[in-house]
Structure formats: C-alpha cells, structure tokens
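These protein sequences, in sequence, are chains A and B. Heads up: the first sequence begins at 53 in our numbering, then just goes up one per residue. Heads up: the second sequence begins at 53 in our numbering, then just goes up one per residue.
In short, the hints are calculated from the structure, not lab data. Quantities reported herein were computed from a predicted structural model and do not represent experimental measurements. It is possible that some hints are incorrect.
Below 30 angstroms or equal to it, Euclidean Cα-Cα: the simulated DSS-like pairs (lysine-lysine) are [said to hold, decoys possible]: (1) A/Lys320 with B/Lys160; (2) B/Lys156 with B/Lys99; (3) A/Lys97 with B/Lys345; (4) A/Lys302 with A/Lys312; (5) B/Lys99 with A/Lys345; (6) B/Lys223 with A/Lys351; (7) B/Lys113 with B/Lys183; (8) B/Lys80 with B/Lys210; (9) B/Lys320 with A/Lys156.
Over 12 angstroms on every C-beta distance to chain A, these chain B residues come out as not near it, computed from the model [said to hold, decoys possible]: (10) Glu110; (11) Asn155; (12) Lys160; (13) Ser166; (14) Asn200; (15) Leu208; (16) Ser217; (17) Leu271.
Just so you have them, the derived chain A footprint on chain B, three or more residues with Cβ under 8 angstroms [to be verified]: (18) 94–102; (19) 141–147.
All residues carry an ideal CB built from backbone N, CA and C; glycine is no exception.
Number of protein chains: 2
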Amino acid sequence: MFDQVSIIGCGLIGSSIFKGLKKVGSIKKIITFDKDKTVTEIIKKEKLSDEIFNSAGEAVKNSDLIIIATPISSFENVLNSIKDNLKTGSILTDTCSVKIGVNKIFKKINLKNSICIPGHPVAGTESSGPKAGIADLFQNRWTILTPNKNVDEKALKKVSNFWESIGSKVKIMLDEDHDKILSFTSHLPHAVAYNIVQTSMSNDEETKEDIIRYSAGGLRDFTRIAASDPIMWRDIFIDNSALIIKAIDKFIKNLDEFKKAISEKDSKKLLEIFEKSKEFRKSIIKAGQDTDKPSFGRK
Amino acid sequence: MFDQVSIIGCGLIGSSIFKGLKKVGSIKKIITFDKDKTVTEIIKKEKLSDEIFNSAGEAVKNSDLIIIATPISSFENVLNSIKDNLKTGSILTDTCSVKIGVNKIFKKINLKNSICIPGHPVAGTESSGPKAGIADLFQNRWTILTPNKNVDEKALKKVSNFWESIGSKVKIMLDEDHDKILSFTSHLPHAVAYNIVQTSMSNDEETKEDIIRYSAGGLRDFTRIAASDPIMWRDIFIDNSALIIKAIDKFIKNLDEFKKAISEKDSKKLLEIFEKSKEFRKSIIKAGQDTDKPSFGRK
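Only chain A is shown next, with the shape it has when bound in the complex (with noise of 0.2 angstroms):
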C-alpha cells in the first residue's frame, strides 16, 4: 500500500489511525507528528510514532502518504509548512469535519507535485488528545472523501484502500453534499447539544444541581456529544457557518410548530411525530451505526 505514512496533528482521531495501522501492520513506516510539546511527549511516552521529528516539515519528507488531522484552522498553517518538502508523487489528505473549507484552502495553496484528496472518516467520541485513541474507532464507521472531478484515479483508489485497511467502509461524494449532510447529522446535533446544556444551566444553583441529580431522564445523552473538543467544534461552526444556520431555522421552525401542537393537545399531530421517529431510530439500527441495545448497553 504504502511505505510510509505520516500522521500530522495527534488527537483522537490522528492517534487512532496510527493504532490501527499498527493492529494491521500494513505500513513500514508511521510517523506522528504535533506541534503541541505537551502532545509530543505523550507520542513519546505512548509509543505512537516510529519515529520523532521537531517539525512537520521534517516528518513528511519521505512519505508517501500525508494524513492532516488537525483542527481546520490548523490546516491552511500545516500546508504552508510542510509543501516544500513533500515527495513528488505523493498524496495528502485530511480528516477534517468540513470539506468545502478544506478544498478551498487545497486550492489556495495549490501543491504541485502532490495529490490532494480531501477526506472525513465519520468516526469518533467525546474523548480528545493522543491517549483517547482506539485501533477500533473506524471499524463499520465512514469514511466520506470528496476529490475534484479531475482526480488522479489511482490515488483515489490508494486512499480508500488505506481507509478500507483499517476497518472503515469508503463513499465519495460532493465537497457541497457532505457539508450539507453532515449539517443535519452532525453539526446541528452538536449545537442542539451544547444549546441544552446552555438552557439547563441558565437556572439558578439549586435547580441546576437538582437537573445534574435527575439527568438520567434524557438529558445526559445530549451531554455525550457536548463534551467533544472545543477547538473542532469552535472551527467547525465557523467554517460550516450558513449550511448549520439553515438547519438551525429548519429546526426552530419545527420547534414552533411542535409548541403549537401541544398548546392545541394535538395528540393526533403528537402521536404521528413520535412514530416517525422511532422508525427512524429502527433505520439507523438497521444501518449498522447504533447498538439496539436499550440504554446504548450503559452498565
């Protein structure tokens, strides 16, 4: 597949790839690199490079491959740094949660010896940093890469070879598509998250502890996704600013409408919303990406 491979930015996602590459022992060579001195000496203390450099320059030199899985604002900083001195022939791609930000600042820099083939493995849990990471985490998960038309077709096939080697199921779509999709599924859940969390703590100490105590009722499992990375998320928001807006007013919009229905004791109009939603629930089991196990198998 290829000789080496190397991992820049190591957090949940960066540090994962590298144990599950390690669990496939495909790859010769895996070097990790983070401008986080912090971050370096667990790399160290954990194992999770072949080989250490001082910057991402030096560790992409002889790579074939170059995997940037740093937050986006990161990103545009990293492909300065290290574009002189990527292998001609090699290819670059990412694991950011935005892609047309992504291919935009691709362009911008616009590598001439290199293929870019920007990617995003639907993966990942509240967790952060190099320790949180899982051989596992890609295991029936997806991975979305979103190239332009005129792809090198070969190096495509490289890259979902490599994301297929570790577990993950491979899709390419539009940049425009997975931004859009990824609003719904993702990016609105999260603020939805966040925005709950807000509401609940917006009460005085005593209610506020009272809702800590009486959580189990739902609320905790809103709580799940707003304990993921700030920094992602803060970039995520930014860059995916007018496709999450939208969302955001398709949702209040349901909101109000939902308010109505229950100011009315509409129950025929109540009853239809909860069906739908439990089949949803039904396709999403079905589709392999949730346990039907109630409760998630919480112990």
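Add chain B to chain A, keeping to what the hints say.
Showing chain B alone in chain A's frame:
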C-alpha cells in the same frame, strides 16, 4: 414491608418493578394487571404476576400497596375503577413523569380510606412493554415522591423504603418543583430529540438515506430517546405543556444567540460555551447519572 402489592399497568416500569421485587423477595404476593389483552398474554407467559385478574378493581382488593404505572391519560379511569375496592389503610402511588396533574386527579377522586403518595422513578430505557422490564432498572436512580403537606409520615416512610428496597434513592419534593426540573432534564430533551429527527426527515429521500448512513456523527444519540413510548410522551407533553413551552422558549433564545455567535465568528463566546458544556457533562458523571466510558461504552 407490604404483604401484597398490586401493579396496575405492566409496561417497562411496571414489569421492572415486578422483576425488582421478585429479585429481592420481600413481598408475599405481587399482582400485576394491564387492561391490554396482548399485554395480559405476555404477563401469563413471562410469569409477571402471582395471580391474574380480569379487572383493575379485582386486582387491588386485598393489597397494601397499589402502584399505578399507566400513562397519565389512563390514570383517572384506573382510580375510578379501583376506588370502591381499596382496602382500608392501603397506600396508593404512581410512576407518572408529571406530578401536578397526578395530584389534581388524586384530589378530585378523593379516596377516603387510602393514602395517596404520588411518585416518579426517574429511570427507563427507550424500550417499552412488559418484555422490556429489567430488575435493576432503578439501581442508583432517583425516585421522586411529591406528597401533600399533611401526608401520613408513616405511609411516606413505607413508600420510601419500598423504592429503596429495589435499589432506588428517594427524594421528596413539591409537585411543582418536580414538574419544573423534569421539564429541563427530560421533557425538553425529548421535545428536542423528536424535532431533530423531524428536521432530518424533512429532506428528500436521497438525503434522508445519507443522513441515516452518516448518523454516527452525533444524530444517533438523539434518536435513542426519540424511540420512547409514544402514548406516554403524548400525555407528558400535553399535561406539562405550560412548563415545557417555557423551557422550549428559553432553549430557542439560547439557540438564536448561538446562531449570532457563529455568524459573527465569535470564537471566544463559542469556546466559553463548549468548555462549560464539558464541565456540565463531568458533573453528571460525578453524580453517578451516566457512564464515563467513551460513546456510552457502545460496542
């Protein structure tokens, strides 16, 4: 404790109480009753009752404790059908998720020879029906009791001990406090979950399929509670509508501010919200109300 207990309504909660009591073995005789014939068949098959009766009235005749575990829309009917058969000195309680409404009905029917102590075990899964019952459902969860000021203290103690015997912690509070707190911890999250699913489903077929496929990015967490029992939730929304609408309005106000922050690229405000959310999640885990395993320990 009690010699004979009757559980009226044998869904997730009723059957979990039955199983919990059987596991502990503290009650001589436990009668469960459900007006639904399909449920009665399951009660027989799964041995969820020490004795089967054909009416709620007969099922309560010699019982010391009667637990009404039906949706609130059936509550008044159940009370009317049992009121003439209650043993003098018997205690009545319930498991409804709304408490002002239950207190009103207790007041309206005014049982002279029995003591009424409304209750709500804050526990559950997204499954419903008698087969969904789990003996440990109430372990480390709270049960909230909302008795009148002039309640019989001995009876209150007995009901508290009862819930503690099947693993629950017990808190006593005013019905109005209960309904307010639950509007944040449970009712608002459910309203939001249903509407986030509605928003996703309002797309065209192809987009909808994609949304299901990539739901692991966050959406799937919301669909769990949106799969809960429709009748129960219709009743809760209609019964507690005033407080729920208040909570929804507060939530929409937060969401509008959030929209402003992302369109203005207000990094500071966003990071502040996200950091606070992480802290809130930590408090919930510290309070023993959720697991700290990443992804809820999904496998």
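Hints, verified against the model:
Our distance criterion of 30 angstroms between C-alpha atoms is met by A/Lys320 and B/Lys160, whose separation comes to about 27 angstroms. A distance of roughly 34 angstroms separates the Cα atoms of B/Lys156 and B/Lys99; the hinted pair therefore is violated under the 30 angstroms criterion. For the suggested pair A/Lys97 and B/Lys345, the alpha carbons sit about 23 angstroms apart, so the restraint of at most 30 angstroms is met. For the proposed pair A/Lys302 and A/Lys312, the alpha carbon gap of about 16 angstroms is at most 30 angstroms, so the pair holds.
Restraint check for B/Lys99 and A/Lys345: the C-alpha separation of about 23 angstroms stays at or below 30 angstroms, so the hint holds. Restraint check for B/Lys223 and A/Lys351: the C-alpha separation of about 23 angstroms stays at or below 30 angstroms, so the hint holds. Proximity of B/Lys113 to B/Lys183 is assessed by CA-CA distance (about 26 angstroms); at most 30 angstroms being required, the pair is judged to hold. For a cut-off of 30 angstroms, the pair hint linking B/Lys80 to B/Lys210 stands: about 16 angstroms separates their Cα positions.
The hinted pair formed by B/Lys320 and A/Lys156 meets the criterion: a straight-line CA distance of about 25 angstroms does not exceed 30 angstroms. Listed as outside the interface, B/Glu110 is consistent with that label: its C-beta sits roughly 30 angstroms from the nearest C-beta of chain A, beyond the 12 angstroms cut-off. At roughly 18 angstroms, the least C-beta separation between B/Asn155 and chain A is larger than 12 angstroms, which holds for a residue marked as non-interface. With a least CB separation of 19 angstroms from chain A, B/Lys160 remains clear of the 12 angstroms interface cut-off, as annotated.
Listed as a non-interface residue, B/Ser166 keeps its Cβ farther than 12 angstroms from every Cβ of chain A; the least gap is roughly 28 angstroms. The claim that B/Asn200 lies off the interface holds: its Cβ sits roughly 21 angstroms from the closest Cβ of chain A, which is beyond the 12 angstroms cut-off. Consistency note on B/Leu208: stated as away from chain A, and its beta-carbon is indeed over 12 angstroms from all of that chain's, at 20 angstroms minimum. Non-interface call for B/Ser217 relative to chain A: holds, since the shortest CB-CB distance, roughly 20 angstroms, exceeds 12 angstroms.
The claim that B/Leu271 is not at the interface with chain A is violated, since a C-beta of that chain comes within 12 angstroms of its own (minimum 5 angstroms). Counting residues of the segment 94–102 of chain B whose C-beta lies closer than 8 angstroms to any C-beta of chain A gives 0; at least three are required, and the coverage claim is violated. Counting residues of the segment 141–147 of chain B whose C-beta lies closer than 8 angstroms to any C-beta of chain A gives 0; at least three are required, and the coverage claim is violated.
The structure shown violates the earlier hints numbered 2, 17, 18, 19.
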